[in-house]
Amino acid sequence: MRIGVFVCQCGTNIAGTVDTEAVAGEALTFADVAYATSYMYTCSEPGQQEIQRAVREHNLQGVVVAACSPRMHEPTFRRAVEKAGLNRYMFEMANIREHVSWIGNDRAANTRKAVDLVRMAVAKLRFNQPLIPLNMPVNKRVLVIGAGVAGIQAALDSAEGGLDVVIVERRPSIGGKMAKLDKTFPTIDCSSCILGPKMVDISQKENITLYAASEIESINGYIGNFTVQIRKKATYVDWEACTGCGLCMEKCPSAKAPDAFNEGLGTTKAINIPFPQAIPRRASIDPLHCRHFTRGKCGVCSKICPVKAINFDMQDAIVTEEVGAIIVATGYDLFDHSAYGEYGAGRYPDVISGLQYERILSASGPFGGHIRRPSDGTEPKDIVFIACVGSRDTSVGRPYCSGVCCMYIAKQAILTRDHMPESNSYVFYMDIRAPGKNYDEFVRRAQEEYGVQYIRGRVGKVYPRGNRMVVQGADTLLGVQVEVEADLVVLATGIEASAGASELAEKLRISYDQYGFYMEGHPKLRPVETNTAGVYLAGACQGPKDIPSSVAQGSAAASKVQALFARDTIETNPQVALVNERACIACAKCIQVCPFGAIKLKELRGDILKAEVLPTVCQGCGLCNATCPPKAIQLQHSTDNQILAAVNEICA
Amino acid sequence: MKRIAYYKGCSLEGLAAEYDLSTRALCEVLGIDLVEIPDWNCCGSTPAHSYDPMLSAALAGRNLAIAARQGCEMVMTPCPGCLKSLKGAQEICEHPEQRKAFLELVGMEMDERTKTVSLLQLLYEEVGLEVLQKLIRRPLTGHVIVPYYGCLLTRPAQIARFDDPENPISMDRLIQTTDATVPDFPYKTECCGATYGVTRNDIVGKLSGRILDMAARLGAEAIAVACPLCQQNLDLRQNQINRYCKSTFHIPVLYISQVIGLALGIDPKVLGMDKLSVSPDCLLQDLGGAENQESHICLSPYNPPKQIGQISQCNHAEYAQENKVSRIRLLCVLAADFARSVRR
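If you read the sequences in order, they're chains A and B.
Residue numbering for the first sequence follows this note's numbering, beginning at 1 and increasing consecutively.
Residue numbering for the second sequence follows this note's numbering, beginning at 653 and increasing consecutively.
Just chain A, with the same shape it has in the complex (with noise of 0.2 Å):
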């Protein structure tokens, strides 16, 4: 075999701390090299050019290219050998740049590491085979999982350009967190006015699926042909026959369920639509607090049905759905504010978070859009606001910034200043991060127009004083300490990853940061990408975002799965399992570990069984070759062979 070395030397990205004239001296000294060369930028066109005019003076069967991390730039260098008339896979990629010139600055033992790299890449290029990959259709469904503003975009954009779309809300509703905000910022525009006619379009849309109440159980498959199974919970009424009049609301006698719309706020009945606007506008039991399931008797609900809708008897049902591509837009949490000791650990009903008050404001909400205190119900004077509760915090584990906390709270004192022009509000805050369209001009607003008193300066207790609330803090402006008697305490609680994101990540196979929040392909130029190809994302679950960055990633990520839809048919990955039948004993222990179901064993001739990899399905892990007793199932590209000679090379 002819084999090429291609050094990069990153402008002074990696031959600021490792000879590559020396590395490249080096290789030429390897088996099989019949050329090796040092090279400014080998990703820029003449880099790329330079490597086919190489390949056709030497003759070269095989390139190496000593460079970056593969996840950077191995597609490049793939297209760039096949343009030169060489089997894409018939290259090999040495990370010299991560693994050694950004971690080291000792120049000699770096250029020596990267040697060892080099003639590893060198050895396994040699056992390379050509690898030529499988057309397969795509299947031109969408399913966007998630129905929050992002998820609604990203379902109506894609509904829009013709493609069938699925769309799955684990809530009653869809709507998410947009649904129960009163006001928008900076435009002080109604939440539900905005949002609303995108929610009743997601309903009459014919091309639109939607499963509300419905949670993703398992995913198989690849991109452009995955298959979902999506359970769909007992709501305990039957929704085909259901026509949400509410009488079943209206007469339900056990009142006591958690208004989990309102945030804990009030009551709702056992069965309920959870808000005038819900879409699908159905009802639905909550099992906890309905008479027939706590104490066996009651069925009120079920004998004043005008259509019969409701079935005690349900169960969770299991439904497949076959789509191409995914778009996961899951949202956030609200951080949990009990863990602050000082504030209370959510012991007084008067420190409330920044949804309750939200509620709280809405015409919908618990006190019908006036403003009262959720202990005794007066409508209270003095309110404090505590920015960044669960935001910026080392000790609760929140490092980062929420992002929208300020601006939402600059809106909630300005509206409480609308509602009562009587009243007091403070702001604490650490800093004002406001970095949108017209967003620090809103905040001026609220401090200039409406008199909001901003103090800088962290809350350090807040305790209950008679029936209001003292807020002790610091006025780090001004240096002293400051106390301010309040009726109403609203902690600008911070957005945390949703529960339940890292099972569904395990679920896609995509990755999440330490925060559970999903990681984009790359956080610059692939922000809606993931790095499972046919997955992509949209809104909060990619980290803390507001409306309009959310609804710009759900129409990106539609968009993204249009240009993926505009080809028929899609590569598969040829990197995948292969079966040696003559050595295959067919013990089946590949079967066993494969954790995507992907080998299954054949007859051959007659009664002789051997396994067989599904080559669409496999996903290229390796557990099968590790596990094979006779090693008679190979991972191609990185079979035993190849790896053996890299690591023989290290050792020898």
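Keep in mind the hints are simulated off the structure, nothing from the lab.
Bear in mind the structure is a predicted one, so any value in this text is a computation, not a measurement.
The beta carbon of each residue, even a glycine, is placed where N, CA and C say it ideally should be.
One should not assume that every hint holds.
Quick partial rundown of chain A residues pointing at chain B, CB under 7 Å, derived from the structure [as the list claims (entries may be wrong)]:
hint : residue
1    : E206
2    : G341
3    : A345
4    : Y463
Let chain A serve as the given structure and place chain B on it in line with the hints.
Okay, now just chain B, sitting in the frame of chain A:
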């Protein structure tokens, strides 16, 4: 009988002798065998760790190493200051280099299995509320006692690893087992002024005054504490505070071991109740006999019995005699007053 190494620290030798007495008495009733660490030395306190963390670790860790040699897996110290030093020293077990330095300095090895607990943690986690509940002989029914934790017991959280650093509840729960009424005390972790009692007792007057004031507002007959320094500021300096705040607080400040000990039926003398500066008599009167039901009502600080006014005006000697304060305590008060006059 459970064997636990006992590190009492310097303050329990002197000012807080009753903390020592009551802790020993309590542990005896609970069947805990306290083994005083032989040849124990100073934990290093604030000066050591502010000068050099390794000095602090070496001083405190030596005691842990001796305890380990004695075969004790658990070390208990009633003093939160010592607790922080001991728990901090234990941390170096996780760093091989510091461990090596410790060995060179002290000549002994610490055992990473040694667990240091406060008396509070011992009662709450090792003895448990249920066991305590069963042993109550003389319930404090009807008495209002507020728990005051101070700054150090649960902090810093990553070293203390006990209870909520901002809203601790262990002492609340322990006092509740005695059937006393325990109001939610908002100032349970506020600063008492600490060692400023010596150099700037106006600061203690202000800070401890706030704590006493809040306790009084909640109708507290007594404050339960677990720190000798807090006890000193709130109890021994209560008259200084009264002078500074122009108030008439008269709230006895008991160690948690004394509160639990009383409820377990231990003789108040054995618990060192006579060593308290602000007389706890009103708490004691209706114990056992329970004939004198009115006695504790007079304790509300806003309805003060006459003798309080007298005490605040009398001189130190009379005051000491009247309250049976030991000579050493009296000297401390005098020294503080002297320091103040020198500064002026």
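Item to complete: Check each numbered hint from earlier against the structure, then list the numbers of those it violates in ascending order.
Response: 1
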